[in-house]
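J.: Protein sequence lines correspond, in order, to chains Y and P.
Sequential numbering from 1 applies to the first sequence in the numbering used here.
Sequential numbering from 1 applies to the second sequence in the numbering used here.
Simulated from the structure, these hints should not be mistaken for lab results.
Only true hints are included.
According to the in silico footprint, chain P covers these stretches of chain Y (three or more CB under 8 Å from chain P):
{"hint": "1", "region": "140 to 152"}
{"hint": "2", "region": "163 to 177"}
{"hint": "3", "region": "212 to 224"}
{"hint": "4", "region": "253 to 261"}
Listing some non-contacts, in silico: residues in chain P with all C-beta distances to chain Y over 10 Å:
{"hint": "5", "residue": "N10"}
{"hint": "6", "residue": "A27"}
{"hint": "7", "residue": "E53"}
{"hint": "8", "residue": "G56"}
{"hint": "9", "residue": "D63"}
{"hint": "10", "residue": "D98"}
Glycine included, every Cβ here is placed at the ideal spot set by N, Cα and C.
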Amino acid sequence: MGKRSAALVGFTEWAPQRQWDRPMFGLEACAALAAEALEDAGIEKGAVDGLVSGGLQDSPLFSPLALAEYLGIQTHFSEQVDIGGASSAGMIWRAAAAIEVGLCDTVLVLVPSTPPPPESGGEGRKMVMPPYLGGDAWGSPQSVFDIPYGLVAAAPSFALVATAYMDKYDVRPEQLAKIAVDERNSALKNPKAVFKDKPITVEDVLASPMVADPVRLLEMVMPCFGGGAVVVTNAERAKRANHRPVFVSGYGEFVSHKTVTYMQDLTVTPAKPAADQAFAMAGATRDAIDVCSFYDCFTITVLATLEDTGFVKKGQGGPWVAEHDLSFAGDFPLNTHGGQLGMGQGGAAGGLSHVIDATTQLQGRAGDRQVAKADAAYVTGVGGLMASNVGLVLEGA
Amino acid sequence: MRVEQPYAENGRPVPRRTPTSAPYLDAAREGRLHLQKCPRDGFFFYPRTRCPECLGDDWSWADTNGRGRVHSYTVDRVGLDPAQRERLPLVVAIVELDEGPRLTTNIVGCAPEDVKVGLPVEATFEDLGPETLVLFQPAS
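So here's chain Y without its partners, still in its complex pose:
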């Protein structure tokens, strides 16, 4: 279909855990992730000349420099991506683009999300999301206009989108709930999923506590620790890697706001312009896609993404979901790893889980949940409060 100059060739992924018993600094996690991903790809560390990561708590400034030093890697491309949950997918296209323009040949995408060792010593710790997401900083508009009104964390923002959606279109609670159920059915086949032993029904979802109307507890991800890494390399080196190369054949990105209040239309998400850009670049139609992996912080995110990426007609997502099986075994395989809803959100690595899910399928490594035909995939990342979106068209060699 589209571009064939940069490919995902290997990865590693740590099972998300609410309680993490092996505390380590971000730099330490990156070193372990790098070693594992390179081994999986069959690529020598010496070949790496690009590093992309998110922020590192232990290196709040100049983190790409600290990373190069700690890993003993000299880079022609060093990037820190900060567009919320879309960051991981954004890292992949930035790595591919850097390879395409000839800036570098092999990029390590590193997304650690582990708790640091406590200064006072001691054991692991439980994941707690900071509710203000940085909005309490001096000078942040959120600290004046949002936090005092309780627009904090993520749930109320996505709930505001869900309310607008349900007001405008025929979307019923049981239809949204079914998204969580279908994803859970895939999670049951993923040994790394935090909910691998817990099947659920639509009734279970609807009976779970209301958190922020209309969002219920089982429609939200569980925040966890975790980590992941992906190796991206040029087409030539990809031929000699351990697994089927997965080309980054098209990509798109769109950012329009941070706080949901300022989203132009609550029922049209940044997934639309990102997808239009990505599919145009890949020269691909939606029909060519075998597997989707959509960022799924909430069920409404998946419903809106199905529509805005062009797979389902606008406004038809509710009835459509009711009529299709989204599990790995179904007619529209979506988030075959169980999604973040079923796997747990391994911090920032939750976004990377979708890249790894699609790559796993395209490389034929999904085991019990392998989709029969898996040659092309579409992956999304969603960041901020329905504020940023990255779309990736991935294609097996």
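Please arrange chain P on chain Y, whose structure you already have, making use of the hints.
T.: Chain P alone, transformed into the frame defined by chain Y:
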């Protein structure tokens, strides 16, 4: 992680005043909803040094009529900010003002079940001590 948000004596988070937001907060203390208005693009929110449409700096401050409609809403049932737990259930809403801009607020003066998209509302003000919140209630 260190939290920088200021809190009122009763534990509620208060707006963190900046030089740019001061006229808005001062007007709220006097019971007025006061926004910036660009001569080309009209009212905008939140307060900025430049108009978000044209980046012009020739805006002026003007009162609005304090009325609008609920654009969307949710009800926090669990206290996603623990500092808000005594206010539960808390209706967190986006209100679109008659003048056009949208803002984040809470709907008070009615049961959460009576809040609907499109509900006409009017501004009401709550003194937190250090600062004043701009809330909305069903229009009279």
